[in-house]
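Peer 1: Sequence:
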Amino acid sequence: MSLLGNGNNHNHRPNLNDDGDSFLKFSDSAQYEKITGQAPELIETDGSVEFGSEDERKRKLKEAMEMENSSAYDDLDDFVYKQNKRRAKTSGRRHHHRHISPSVLSPGRVRKKKNDKKPHKHRHHYRKHHHRRRRLRKWQKISLGIIITLLSLIIIGIIAVFLMYNSGRNALLDKSGININVGDIAESSDNGMLITYKGKQYRYNENITNILCMGTDRSVNAIRIKEEGADEDYATGGQADSLFLISMDLSTGENKVVNISRETMAEINRYNSVGKAIDSKKEQICLAYAYGDGKETSCQNELVAVRRLFYNLPINSYLALDVEGIQTINDALGGVTVTSPETIAEFKKGETYNLKGSLAQSFVRARSYETFESNNLRMERQRIYLNNFALSLMTKTRSDLTTPLNIYSAAKPYITTDIDANKVTYFAVTALRGNLNELNIVNVPGETKEGKDFAEFYVNEKEFFELFLNLYYTEVR
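The opening residue of the sequence shown carries number 5 in our numbering; numbering runs sequentially from there.
Mixed in with the good hints, there may be bad ones.
Claimed, not checked - Using 20 Å as the maximum straight-line C-alpha spacing, the simulated EDC-like pairs for lysine to aspartate or glutamate come out as follows: (1) K260 - E479; (2) K453 - E287; (3) K286 - E451; (4) K260 - E470; (5) K286 - E460; (6) K285 - D297; (7) K285 - E236.
It is worth saying that the hints were derived from the structure and are not from the lab.
Between the sequences and the hints, there should be enough to build the whole structure, so can you do that?
Peer 2: If you want it as structure tokens, here you go:
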């Protein structure tokens, strides 16, 4: 006897035949006991049970047929039905379930439930071995593609920022060719990395980067140059009205700014209008900018003059802002509030102003020619303006991260710089880490004297050198 299933649907009835030499095979003992009513101990090692006598086979066949409409048929689909012992033993090891076509075992005898009018459609019960890989719908594929693309862009962006960050650091801390020369003021060794002064030893802080910032004016009169053996020539690059050497410790984010008087007497290189070197001469340091193209070569010549003044200190970058851009940048920030330290132009000493429009440029540029100290007073106004500008910038950036981008976009037409995106990335991250709220501005010490044609500022060498040690060196013993 065999119970032969012609399908896999739990609701489909199997064909029941008595072939005289068949047995049932169950997937587990619980199913066997439920169908046969016999104890599970009768199941053989391969999960089958054999019915011995013909009477017993007939009885079991009758019982199975009587259960035709009972819930027992719901379990029949979990069994494997075989025609004989040999086929059961071989195929049963490989798979606990086998679909047997009714056309082979019982042709033309597919049984149907009463009132079945539609042919039965084969429906799989969901067993682990029948699971198929689900195909994604079109919108799911598109969504997955977008997510993967976004994740890829994020990863690429992180890697790019990381590379820019490290490249920027390397460029900002480049000390190649360093050769700090303090002359006879102190003893130095290792190209100026070590300095001994008044019995104490100092080591150069290699975490510091230095950036020269210039406020330039190309509208001033050209400077006449008389080169021996040549016709009269003119330097037309303009002048550096304001000079600030910004120094930042990249390990801490601390900043220090040295305000250099435009009238400082320093050795500068002079070039003619076609860029040919003429000589070097002691002139106001602001004039170094004149001997260039008013852009890159002017900036580079000014940088050389400042380096020479600072004992050949490494200066890693420069940035020049034309005075015509002050109003634009000021208004892009929404204005800057200041208190005037003196009475000059539209401003009265002790009064507070919210600088907008032309007032910003007037505040930082106005100068009285009644005293030779007028530039020093102007430098004080510039210091006040820069500090309040930095404070306003950081405050607004905390509430609107696009503020620096807006300022940069406004300033770009008026800027000449060698600061690339790598340096900006590293510098910006470090500045935020250092909680930049105020610029620590100090002036180069010295005094102003009346010169032949203009005021001349002479550096106090001893005070300046001690300031230099304090800014760029660390005492080691």
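Peer 1: A separate judgement is required for each hint: does it hold in the structure or not?
Peer 2: A quick look at each hint next to the structure:
For the hint pairing K260 with E479, the CA-to-CA distance comes to about 18 Å; that is within 20 Å, so the pair holds. Restraint check: the Cα-Cα separation between K453 and E287 comes to about 13 Å, which is no more than 20 Å; the hinted pair holds. A distance of roughly 16 Å separates the Cα atoms of K286 and E451; the hinted pair therefore holds under the 20 Å criterion. For a cut-off of 20 Å, the pair hint linking K260 to E470 stands: about 15 Å separates their Cα positions.
For the suggested pair K286 and E460, the alpha carbons sit about 11 Å apart, so the restraint of at most 20 Å is met. This hinted pair checks out: K285 and D297 have alpha carbons roughly 19 Å apart, not beyond 20 Å. In summary, the hint linking K285 to E236 is supported, as the alpha carbons are separated by about 18 Å, within the 20 Å threshold.
In terms of the numbered hints stated before, the structure departs from none.
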